[in-house]
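The lines below spell out each chain.
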Amino acid sequence: MQKRSIVPVVYILFLMLPIYWLVAMSFKTTNEILSGFSLFPQTFTLENYATIFTDPTWYWGYINSILYVSINTVISVAVALPAAYAFSRYRFLGDKQLFFWLLTNRMAPAAVFALPFFQLYSAVGIFDTHLAVALAHCLFNIPLAVWILEGFMGGIPKELDETAFVDGYSFPRFFGTIFIPSIKAGVGVAAFFCFMFSWVELLLAKTLTAVAANPIAATMTKTASSAGYELGLLAAAGTLTIIPGAIVIWFVRNYIAKGFAMGRV
Amino acid sequence: MKTENPKRLVLCAAGADPVAFNALIPMMTVVNYSVQETFGDNVFFWQGLDWFEQILRSERFHAALGRQFLFTFLILIIEVPLGIAIALSMPRKGFWVPVCLVTMALPMLIPWNVVGAMWNIFTLPDIGLLGYFLNHVLGVSYDMTQNPFAAWVTIITMDVWHWTSLVVLLAYAGLVSIPDAYYQAAKIDGASNWAVFRFIQLPKMKTVLTIAILLRFMDSFNIYTEPFVLTGGGPGNSTTLLSIDLVKIALGQFDLGPAAAMSLIYFAITLLVSWLFYTLMTKDDLN
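Note that the protein sequences, when read in sequence, are chains A and B. The numbers in this note's numbering rise by one with no breaks, and the one at position 235 of the first sequence is 235. The numbers in this note's numbering rise by one with no breaks, and the one at position 188 of the second sequence is 1188.
Some clues are possibly wrong.
As a list, the in silico PhoX-like pairs of lysine-lysine whose alpha-carbon atoms are at most 20 Å apart [unchecked claim]:
{"hint": "1", "chain 1": "A", "residue 1": "K206", "chain 2": "A", "residue 2": "K184"}
{"hint": "2", "chain 1": "B", "residue 1": "K1187", "chain 2": "B", "residue 2": "K1204"}
{"hint": "3", "chain 1": "A", "residue 1": "K206", "chain 2": "B", "residue 2": "K1248"}
{"hint": "4", "chain 1": "A", "residue 1": "K3", "chain 2": "B", "residue 2": "K1204"}
{"hint": "5", "chain 1": "A", "residue 1": "K158", "chain 2": "A", "residue 2": "K184"}
{"hint": "6", "chain 1": "B", "residue 1": "K1248", "chain 2": "B", "residue 2": "K1093"}
Since the hints were made in silico from the structure, they are not lab data.
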């Protein structure tokens, strides 16, 4: 054990403290939480979790969130692949400007767009559907995916494309069977970041849904205000929102450092 | 080498279309509102640039903008050096690398309202872990719903908790890309730790750090959910950052004209500062 490894250990402890508190709270009864301070749950209860898994308004919140996040990840990566290919392989009029414009969309505060989004999606008639949220999240996820994928594609020599075309591959066949498999890691990293930013964003998701496609965040806010202040239940719901992220990050753990090393994201 | 091929614009259009749908139409709506006055029922009156003038002169806007810059400035000067320091002391290979990466990335994957709620229950004065520890073990009087200073310390700590890992991961990625030969050469020359950092590690981290600073700037300047859930902008207006104020005007008071004008000014400032950062930090590469 080296002396300097103290720094990451202290940092990770600092990161874990609030998470520990959230998890500990989720196993306490509301009475115990309000009656005073206790480091560990005194009367260990699973009731909070039971409520979530048996009440449809709760568990549908999770299903809705996972649905629109998945749709968004698929659309973002599918659309960003050809666009990133064009940016990495061809020069055309205004390519730099177009690329910069794509990136500026990441800078637009969601708060600015919330109301116009609501009106736009109501006008198109897809308000309160999973598709609406998935499409809205494309605003910041497609630019990000293009940026990441372009970096990975830049690392593949152009000779690969030329050899394939000389061998008589059509463009779609080359793209699907040779090119995409050779940037698998990049696709994984891009999908991870699309998942992450769509999963954590809530302002737009809440604005664009009412009942049918309500994300878990909206259910949480509603519970916080209507049924008194049920801290235990909220803590359990919060704990459950950490799990999908933790699973996804475990799958891409070996690619993450590489993805960052491309100097992207 | 890139080649000319205008036909491939089609491929780009595929990517740009959904973004354009999401960006241009709402943006035009915002521009539309910003020059008109409405009393509902889709009746609009031409207002010209009055809203812009009103916003730019309003003290409320100046105060929110000032708080926003202070917040962004503070989190940048804390998170960037801290992130670099942590990345420097992380292990480079072995079992602990994935463990560090996964645990450090975890806060970034928690939905933003949960981050706010989590810090809320963490800092409750008598029953939260941090609140209890400060009030009853250390004896420091701490209540972020009453004291503006405590509220500021709390939102800054929350953001450091939430986003320092981004700087760590980016800086770490820059560090692992340095070949061992560089360090061996430095050792032969008898270079000090500081010299190794200043002349080998820092230049190699420059690109990733540029990206880290840009991303942290953009995201912290647009921050809304976490401070809103944690403090609600209070106590008083002490933590009402720019986007919290904007949402209050737009959705709370439904003053669409001033809110739209404010959105455009807000967006312009974000773009301008990002561009300044970007040009300053990449200036050396161009020369």
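Tested hints:
1. K206(A) x K184(A): 33 Å, violated
2. K1187(B) x K1204(B): Roughly 18 Å between the alpha carbons, so the hint for K1187(B) and K1204(B) holds.
3. K206(A) x K1248(B): Given that 20 Å is the threshold and the Cα spacing comes to 16 Å, the pair holds.
4. K3(A) x K1204(B): 25 Å, violated
5. K158(A) x K184(A): Given pair K158(A), K184(A) holds - Cα atoms ~17 Å apart, limit 20 Å.
6. K1248(B) x K1093(B): 49 Å, violated
Of the hints listed earlier, those the structure fails to meet are numbers 1, 4, 6, in rising order.
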